[in-house]
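Engineer: Sequence:
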Amino acid sequence: MTEGGGKLLHHRTVFDDWRSLSIGVYMALVGYFVMVGMPVISTAWVENLGFSEIQVGRVAGADLGGLAIGAVIAALFVARVDRRRMAIIAALVTIAANALSIVYQSYEVTLWLRLLAGIGAGGYTGIAVATIGGHSRPAFAYGVELFAFAGSQGAEVKLLPMLSMEGIYITIIAIYVIGILFISWLPRRPVDKTLDVEVDVDEPSGGHHVEHKHVPVYVPWMVLAAIVPTYVNIGAYWTYIELSTVGTAASPEWVASMLWVSSVFSVIGCLFAVLLSNRYGLARPLLVTLVFQATIVLMLAFGISNFTIAFSLFFFNFCWIFIDIYQAATIANLDHSGRFPAMIPAAQGLGNFLGPNIAASALAWNCGYNGVFIICALASIAAMLVYLYMYLMLKKAIPALADAS
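Numbering (the numbering used here), first residue to last: 1221 to 1625.
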């Protein structure tokens, strides 16, 4: 609601076409492939290449940090350069880096190749997220993406352990090649300018009129800033969750099964996220979810068993879906040009770079996995505080945007 009552207006565009949404969703799944499969990939780096736990954190950080760099590059050009050409270039960079990763497997070379692969993936993902965000119903569009994301996450965690390190890299190459074949479905350019919204304002007489509002530039930057600690939590947790159970009361077979079963369970989170958004908006459910996620992560610092690992994994994935939908839809409501939505993977990648590296440093300082999970919980609370401040500021400036769905 605005001061006089009202709601945000959205207009249908080419980005509402099923082909645009389909290629956007597919590209997002491909771009996030390594991030989603990180628990399995990090274990493969240890078992197949002999990397230490600390080296795994550095390599994972390089790959996911590259995601941030690539997304920033995409954000600089996505509103004014042909997106099809950008996507092809990003895909070719990632394909080349993964092909070279098969040939060169030492820690030092892998570190740089994973950074390069991440940069390509980040550019590719930035374009994908901007394309999905162009939909007139962004919460629905991101809900579709994350519904598919949840299914692909379960498939990755289930199937990737069956592959060799080379097989994982070849799989990554193959899915990028498939995306290139359908690149003609990708809209070339945006249709709207950035940081302008239309509000349908109710009048005391019973009528209504449309007001054009310029969104303060601090708003999308605050959302992006909050995504960083959110993904510090996710990056550290997701990199080390399987390794943290080694030598605990949790059964390795149980942990492996919970990784993929809990991933599929997050599909339910998509439905609940959209339903809650339609009723309560985006901001308030997001604040509650971040606090709950901090709680379920912190729980593992007090002991890991079959029950606690299952409970934590199920609800971590459930909350992850909630948070992603709300974060992405909030930015898409602000900006239909794609510039700020393309920055979402950058913020995620930065958090994913910092998370594993901070966790690796905690392990190097002998803080153990208890320290890692405490760091995760604190990061989630930090994100909640940023969102809370942003929500209170928007309630004063553009209430319809503060409570938008």
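A few of these clues could be false.
[Said to hold, decoys possible] Per label pair, the in silico range of CB-to-CB distance: (1) 1495 / 1527: 24 to 30 Å; (2) 1232 / 1581: 47 to 53 Å; (3) 1408 / 1491: 40 to 46 Å.
If you are wondering where the hints come from, they were derived from the structure by calculation, not from laboratory data. Just so you know, even glycine gets a beta-carbon here, dropped at the ideal spot from N, CA and C.
Engineer: A separate judgement is required for each hint: does it hold in the structure or not?
Structural biologist: Here is what the structure says about each hint:
1. 1495 / 1527: 24 to 30 Å: Taking Cβ atoms as reference, residue 1495 and residue 1527 lie about 29 Å apart, which means the hint holds.
2. 1232 / 1581: 47 to 53 Å: With Cβ atoms ~48 Å apart, the hint holds.
3. 1408 / 1491: 40 to 46 Å: 33 Å, violated
The structure is inconsistent with hint 3 alone, although it conforms to all the rest.
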